[in-house]
Amino acid sequence: MSYTLNHLKTLESESVFILREVAAQFQNPAILFSGGKDSILVTYLAKKAFYPAAIPFPLVHIDTGHNFAETMEYRDKLVEKLDAKLIVGSVQDSIDHGRVAEEKGYNASRIRLQTTTLLDIIEKYKFDACIGGARRDEEKARAKERFFSHRDEFGQWDPKNQRPELWNLFNGRMNQGENFRVFPISNWTELDVWQYLAMEGIEMPSLYFSHKRRVFYRDNNWLAESPNIPMRTTEVVEEKVVRFRTIGDITSTGATLSSASTLNDIIQEVAATRVTERGGRADDKRSETSMEDRKKEGYF
Amino acid sequence: MIDLELVTDNEQVKEEKFDANSYLNMELLRFTTAGSVDDGKSTLIGRLLYDSKSIFEDQYEAIKATSEKHGDQYVNLALLTDGLKAEREQGITIDVAYRYFSTPKRKFIIADTPGHIQYTRNMVTGASTANLAIILIDARKGVIEQTRRHSIIASLLGIPHIAVCINKMDMVDYNQEVFEKIVDDYRTFATRLKTKDIHFIPVSALLGDNIVNRSENMKWYEGVTLLYLLETIHIASDINHIDLRFPVQYVIRPFSDKFHDYRGYAGRIASGVIRPGDKITVLPSGFTSKVKKVELDGKALEEAFAPMSVTVLLEDDIDISRGDMLVRENNLPRQSQDIEAMVCWMSDKPLQINGKYALKHTTKDVRAVIKEIKYKLDINSLHRITENPSIGMNDIGRISLRTTKPLCCDAYTKNRDTGSFILIDEATNVTVGACMVID
Chain H
436 MSYTLNHLKT LESESVFILR EVAAQFQNPA ILFSGGKDSI LVTYLAKKAF YPAAIPFPLV
496 HIDTGHNFAE TMEYRDKLVE KLDAKLIVGS VQDSIDHGRV AEEKGYNASR IRLQTTTLLD
556 IIEKYKFDAC IGGARRDEEK ARAKERFFSH RDEFGQWDPK NQRPELWNLF NGRMNQGENF
616 RVFPISNWTE LDVWQYLAME GIEMPSLYFS HKRRVFYRDN NWLAESPNIP MRTTEVVEEK
676 VVRFRTIGDI TSTGATLSSA STLNDIIQEV AATRVTERGG RADDKRSETS MEDRKKEGYF
Chain D
3 MIDLELVTDN EQVKEEKFDA NSYLNMELLR FTTAGSVDDG KSTLIGRLLY DSKSIFEDQY
63 EAIKATSEKH GDQYVNLALL TDGLKAEREQ GITIDVAYRY FSTPKRKFII ADTPGHIQYT
123 RNMVTGASTA NLAIILIDAR KGVIEQTRRH SIIASLLGIP HIAVCINKMD MVDYNQEVFE
183 KIVDDYRTFA TRLKTKDIHF IPVSALLGDN IVNRSENMKW YEGVTLLYLL ETIHIASDIN
243 HIDLRFPVQY VIRPFSDKFH DYRGYAGRIA SGVIRPGDKI TVLPSGFTSK VKKVELDGKA
303 LEEAFAPMSV TVLLEDDIDI SRGDMLVREN NLPRQSQDIE AMVCWMSDKP LQINGKYALK
363 HTTKDVRAVI KEIKYKLDIN SLHRITENPS IGMNDIGRIS LRTTKPLCCD AYTKNRDTGS
423 FILIDEATNV TVGACMVID
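If you read the protein sequences in the order shown, they are chains H and D.
Here this note's numbering runs 435 ahead of the position in the first sequence, where the first position is 1.
Here this note's numbering runs 2 ahead of the position in the second sequence, where the first position is 1.
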């Protein structure tokens, strides 16, 4: 008998361990649910970790109001299927209450505004740990993120003063008013995520699979036609066969021309691809360190 | 600006159509690298990522543009591994950065750490979970203080395999004698290390010799390339499958009619194997019972082994909570309040004799008081400093401490999970010490 685990089972075991550690060490944790594949994966891993008990954390969705209809439909079905609790934080509310001001212009986005809404929700519900689906391979500022990432009372990340994380020992101790972000799938890559979803046969939102969509071209990206994105007069809407590699706010998520229509097609495509998945994310292109800057302010 | 030559004879790494299920047999290997600015560590990692087709076009274009801006002659592959703003500005690595790549055979996690003595704590962190350490030697300099330091840390942290890469062979005309001399010197030094499995590879990270592709310039070398070693080295036996240690992490008690009497002990197996029907002992209470079921997500398992996360159900209803450990009656860990350990200190504030700290061991939290500092280790020479030893930031030494409750532990050399613990400053909640239990 050879006692070996493949890489997906090893990653699964690590993530389940982290999720159970969160339930054991914190009073009031929550899962930050964006509707993207990474937060879907985290939610399924949480179901695995605690079955037959219900997931001991609510799902928190920070809603920019600029969503794909498919995301909302999938979210609501998933919540019902897993009998989970859903809390929605609305960026529109934050705008209406004057907490933040809407950006203007063609590239206006609500990505940065999400941070305020998120920090308000954390304070309102007194969450002491927010579980996110961020992965270290996504972006260079995330490569140094801890599994248990400490945030001060202003929700800020101090990358130069992070707690060392050794072996499988995770230190979740903190002072009043502080909180943690926890990233159970830190060690997964995009390919690992898809391989695992295929191995487990998990149903995914239709946006990830190729479909016909009305899109237009801007800054090396195909963007979905949407009332939330003002178009320049020179920009032309065309119908293309596309899929999305990441799913975020509709204003900043670029589509990929692709005919991948099954999980196995996607695995083939990701294995052969030559551009990083965040290559299509306008929010990262603002400057070389835009992710690091947003994270310091309290972004996911 | 010289663009890097695209490797053509290794196209299959990424281009080959993935066999739909081949990835189900891939293993995971974690390795650590330590190094400082000049020894080519970042270049080596960049080269591994680049030649194994793990670098994407947009990443490559970004570092190419930055290299041009700096006026570099080559596309600087080292830029791929420099994450934070401060590091890019100063051209140094100040924290552990994690990198990922895979080939059809294995998935790799690199813990990339700085190599200077003032970053010992980062090296220790990166080494704590690694299966293998890459030690870089500059062929022009041979075995130096830094080589010894990195090797000693790898050995102390119980990394089972070491790959010694003798780098910059292009700068010594790919000379076999230079290589042999360094191998001899290292072997002489390595007799003092605990690590037994040591491999030597002559490489040029800058030019790609023996990293992914065999070198045309060193026909005299009959060994394998670095990537081949990483892909094939036997790691399945690194895990202890003999001594059952199951630290209880969380008790699952569903609030539903269907599972009214369900009581599952959730945890990750630290070592050993567990099967339904096994007789087990609960520590520290000493109660015994039989395993009724081992499962995950409602699916029953015939057996489970380290490092699987599972849920264990027992025949008897006994009081068990987080921090307890399930073991076998005839194979018990040490249970003691008096612990001897090696510590690596990670805080500006030195270790206090008679100081009290919070202690985290497996899933158990206790408090501890430091009784004595036996010695401080000179990590360049393994020399023991016993005269008035004090342990400050980045120091490693041997201490004895007493805990408020007994720990169920093993020697670190036998079990990296049950043989390790951390110390936490109770005022700041920061992790200040990384400790390994001594035989």
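Read the hints as simulated data drawn from the structure, not as lab findings.
We treat Cβ as the ideally placed atom computed from N, Cα and C, and that holds for glycine.
Careful: at least some of the hints might be erroneous.
[To be verified] Lysine-lysine pairs mimicking PhoX-like chemistry, simulated, CA-CA at most 25 Å apart: (1) H/LYS444 / D/LYS295; (2) D/LYS107 / H/LYS482; (3) H/LYS520 / D/LYS260; (4) D/LYS292 / H/LYS512; (5) H/LYS444 / D/LYS260; (6) H/LYS444 / D/LYS107; (7) H/LYS444 / D/LYS294; (8) D/LYS301 / H/LYS482; (9) H/LYS483 / D/LYS294; (10) D/LYS295 / H/LYS483; (11) D/LYS407 / H/LYS483; (12) H/LYS512 / D/LYS301; (13) H/LYS482 / D/LYS373; (14) D/LYS260 / H/LYS483; (15) D/LYS71 / H/LYS483; (16) H/LYS516 / D/LYS301.
[Claimed, not checked] Reference excerpt, derived from the structure (chain H facing chain D, CB under 8 Å, subset only): (17) ARG455; (18) LYS483; (19) TYR486; (20) PRO599; (21) THR697; (22) LEU698.
Self-check item: Per-residue hint verdict: H/TYR486, partner chain D, C-beta under 8 Å
Solution: Holds, about 5 Å.
Quiz item: Does the alpha-carbon distance linking D/LYS292 and H/LYS512 stay inside the 25 Å limit?
Solution: It is violated: about 40 Å lies between the C-alpha atoms, which goes past 25 Å.
Self-check item: Hint status (Cβ of H/ARG455 to nearest Cβ of chain D, threshold 8 Å)
Solution: Status holds, d = 5 Å.
Quiz item: Taken at face value, is the distance from the CA of H/LYS482 to the CA of D/LYS301 at most 25 Å?
Solution: holds (13 Å)
Exercise. Quickly compare the C-alpha distance for D/LYS407 and H/LYS483 to 25 Å and report which way the hint goes.
Key: With a Cα-Cα distance of about 32 Å, the restraint between D/LYS407 and H/LYS483 is violated, given a limit of 25 Å.
Quiz item: Do the alpha carbons of H/LYS512 and D/LYS301 lie within 25 Å of each other, as the hint requires?
Solution: At roughly 24 Å apart (the allowed maximum being 25 Å), D/LYS301 and H/LYS512 satisfy the hint.
Self-check item: H/LYS444 paired with D/LYS260 [C-alpha distance capped at 25 Å]
Solution: violated (29 Å)
Exercise. Assess, step by step, whether the Cα of D/LYS107 is no farther than 25 Å from the Cα of H/LYS482, and give holds or violated.
Key: violated (30 Å)
Quiz item: Measuring from the C-beta of H/LYS483 to each C-beta in chain D, is the shortest one below 8 Å?
Solution: holds (4 Å)
Quiz item: Are H/LYS516 and D/LYS301 close enough, with their CA atoms no more than 25 Å apart?
Solution: The given pair, whose Cα atoms are some 19 Å apart, holds under the 25 Å limit.
Quiz item: Going straight from one Cα to the other, do H/LYS444 and D/LYS294 come out at no more than 25 Å?
Solution: holds (23 Å)
Quiz item: For the pair supplied as a hint, H/LYS483 and D/LYS294, is the alpha-carbon distance within the 25 Å limit?
Solution: Status holds; Cα separation ~20 Å.
Hints 2, 4, 5, 11, 13, 15, 21 and 22 from the list above are not met by this structure, while the remaining hints are.
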